[in-house]
Amino acid sequence: MSENLTLPAQQGSTDPTPTETLLEVKGLTKHFPIYGGFPIKRKVGAVQAVDGVDLTVGVGESLGLVGESGCGKSTTGRLITRLLAPTAGQITYAGQDITHASRRQLAPVRSEIQMIFQDPYSSLNPRQTVGTIIKSPMEVNGINPEGGREKRVRELLELVGLNPEHYNRFPHEFSGGQRQRIGVARALALNPKLIVADEPVSALDVSIQAQVVNLLQKVQQELGIAFVFIAHDLAIVRHFSQRVAVMYLGKVVEVGDRDSIYNRPRHPYTHALLSAVPEVEISDESESRERIRLAGDVPSPIHPPSGCRFRTRCWKAQDKCATEEPPLVQLSGNRAGHLTACHFPEDPTTEARDEDVVLDPALKALEEDQD
Amino acid sequence: MTSPTKAEDSGSAVALDPELAATSEVAKGAKKLEGRSPGQLMWQRFKRDRTGMFCAGVVIFYFVVALCAPLLTAISGTNPYTLYGQDPTYADQPVLDDFGLPLGYFGGVSADHWFGVEPQYGRDLFAMLVYGMRTSLLMALGVTTLLMLTGIIIGMVGGYFGGRTDYWLGRVTDFFLSFPQQLFFIAFMPVVTAFFVDPREETPTYFRALAILIVLWLLGWMGMARIVRSTVLSLREREFVEAAKVAGASPGRIVRKEILPNIVSPILIQFTYQLPSTILTIAFLSFAGVGFVEPTPDWGRLFAAGAKYAEQDPAFMFFPGVALVIFILCFNLLGDSVRDAFDPKSGR
Chain A
112 MSENLTLPAQ QGSTDPTPTE TLLEVKGLTK HFPIYGGFPI KRKVGAVQAV
162 DGVDLTVGVG ESLGLVGESG CGKSTTGRLI TRLLAPTAGQ ITYAGQDITH
212 ASRRQLAPVR SEIQMIFQDP YSSLNPRQTV GTIIKSPMEV NGINPEGGRE
262 KRVRELLELV GLNPEHYNRF PHEFSGGQRQ RIGVARALAL NPKLIVADEP
312 VSALDVSIQA QVVNLLQKVQ QELGIAFVFI AHDLAIVRHF SQRVAVMYLG
362 KVVEVGDRDS IYNRPRHPYT HALLSAVPEV EISDESESRE RIRLAGDVPS
412 PIHPPSGCRF RTRCWKAQDK CATEEPPLVQ LSGNRAGHLT ACHFPEDPTT
462 EARDEDVVLD PALKALEEDQ D
Chain B
933 MTSPTKAEDS GSAVALDPEL AATSEVAKGA KKLEGRSPGQ LMWQRFKRDR
983 TGMFCAGVVI FYFVVALCAP LLTAISGTNP YTLYGQDPTY ADQPVLDDFG
1033 LPLGYFGGVS ADHWFGVEPQ YGRDLFAMLV YGMRTSLLMA LGVTTLLMLT
1083 GIIIGMVGGY FGGRTDYWLG RVTDFFLSFP QQLFFIAFMP VVTAFFVDPR
1133 EETPTYFRAL AILIVLWLLG WMGMARIVRS TVLSLREREF VEAAKVAGAS
1183 PGRIVRKEIL PNIVSPILIQ FTYQLPSTIL TIAFLSFAGV GFVEPTPDWG
1233 RLFAAGAKYA EQDPAFMFFP GVALVIFILC FNLLGDSVRD AFDPKSGR
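Residue numbers (the working numbering), protein chains in the order written: chain A, 112 to 482; chain B, 933 to 1280.
Simulated from the structure, these hints should not be mistaken for lab results. Some clues are possibly wrong.
The following label-pair restraints were derived from C-beta to C-beta distances [said to hold, decoys possible]:
(1) B:V1104 <-> A:F455: 53 to 61 Å
(2) B:P1112 <-> A:F143: 39 to 47 Å
(3) B:V996 <-> A:G147: 53 to 61 Å
Please read these numbers as outputs of a predicted model, since none were measured by experiment. No residue lacks a Cβ here, since even glycine has one placed at the ideal position from N, Cα and C.
From just these sequences and the hints, can you work out the full model?
Structure (structure tokens):
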């Protein structure tokens, strides 16, 4: 499905500078403390899930957040919606600092930032009807739309492609895709300006993924809602997002508009990610892409590597990478808004290189046997 | 159990909206065909379970008997306090022989005294039993409700807020759990009573009931608290709770609307186990002599008396014993059926 989805050119995607900033995140940090010791428990360390993330989301813009499992994407999303309290940093929504706002202070902003969850089976209360589920955000925020809340719920159900008569049904009567639509309807109930979608389609069947992604895209384009789209499926992010941020181990390593990231990546990790996407064409004649095979897992976020966090798995790493942390800056030759955090960036291309980068010793041995 | 009523509520709300009345009729019709709430499904599963239905009938019958005790004794024309064997008013209808044992067969079963009479005093066993059931069932219901509520509140607070609150509530629960229960029931009853009533005066019956209530309540809520805590702990991390938080819901609303409906099943199941065991505990207290005393009719006290008369008049134990065995058995089976009905995987 990736190729079909990735083809259409997005409106205004060539213009990398968003019109107006809706959400600004600066140095966002979340450390989960680890307690240990006996008999008195003390803090012995911290999982540095998110460590100094800078992001901006424009009005009506869709920002994709990609990265390996455990790199802090979801935590970032939960920090933005303030489900978690940040350890440090600043979250500014529409000029208002919401970093440490209490529940009451957040109340006016709550209706504008909504979230779509990953698992459609646990994100709907099994004991509530669909109507109650979609209605409850309106009840909480005291919103009384014209014609009553029920009418609005029926409209929303129609908008997300469900039968309005499903109002009185319970979630267990729906399939995963339908449940996720209910989740989308709930997020839309408050007319939000920003939706954080935390891997909204990764729990769904591939055929259903396309439906839900297209629904989200329709919603985004028609209602002008800004999205923070968290995913590990690069094709979906390419289809959906105007700008993409690549995260590694709690940090943003590269951010830029979609075409720059996908066609002219600079950070070695972005190269590795892109090369890992499976391709349909297997003919030798067509322009072949580079192949990079990383070894091992993401290092432990409890003791992240010094300097550049990717250096332990990077084929270009040098002494400088261990001592000096690369800043997230615009490199020469990059378009405006394309920022990369790397001391030794790669060439801005995804073409095949003379020799594949294979870091995994076992795989390397295998490949050498084949040659 | 809340779900069917909730579904009805939403249905009536639909009907009230004039604009959508037509569509709601369709929706209602469709709902009858396929849209069944978890509560309705549960009720259907329960209806299919014959044991459960039968036991539910028996249990309801017991409660009706207990509530209608004055009516029933009016029909039999007896009451639990009159000493038919000693009262001169009834001298023309002797119920006891010279040794104080019931005349006639099987403990003195007769048209006047359906279940026979008590040796020595000649009190009517039928009246004593129905009134005794009344005392026991109402006490058990009161105690069970109290400890359910306490357990639910403490478990919810601990489970939902977690952290330090949970830690300390957990230690308090452990503390109460560490008491040897039976022993402390017996030991605490006189203490609680003496605390409020001058030992030289006679303890009023209502206060005995209150003391039983307090002691059983203080030493009984922990099981419920633990069950609720663990359930809430797992529910708290579910994404629908996060969704409610994102919408800005207050902790109170989250607990009421999101979590509480999901712990109804374990609560109900625990209730059906707790009630019969409380009846037995109250009976045990009376048997041990720290519960109700003469002349208050009480199920447990009938066994204490029955044990006393067992050699001369074994029939005295028969009716209260059979009644209790049937009741406890049916209530436990009912509890099993309710649990099965709530669990879609039980395969019934």
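> Is 53 to 61 Å a correct range for the gap between the Cβ atoms of V1104 (chain B) and F455 (chain A)?
Replying inline: With Cβ atoms ~60 Å apart, the hint holds.
> Regarding V996 (chain B) and G147 (chain A), is the given constraint of 53 to 61 Å on their beta-carbon distance met?
Replying inline: 59 Å, holds
>> Tell me if the beta carbons of P1112 (chain B) and F143 (chain A) are separated by a distance inside 39 to 47 Å.
In response: 42 Å, holds
Going through the hint list in order, the structure satisfies each hint without exception.
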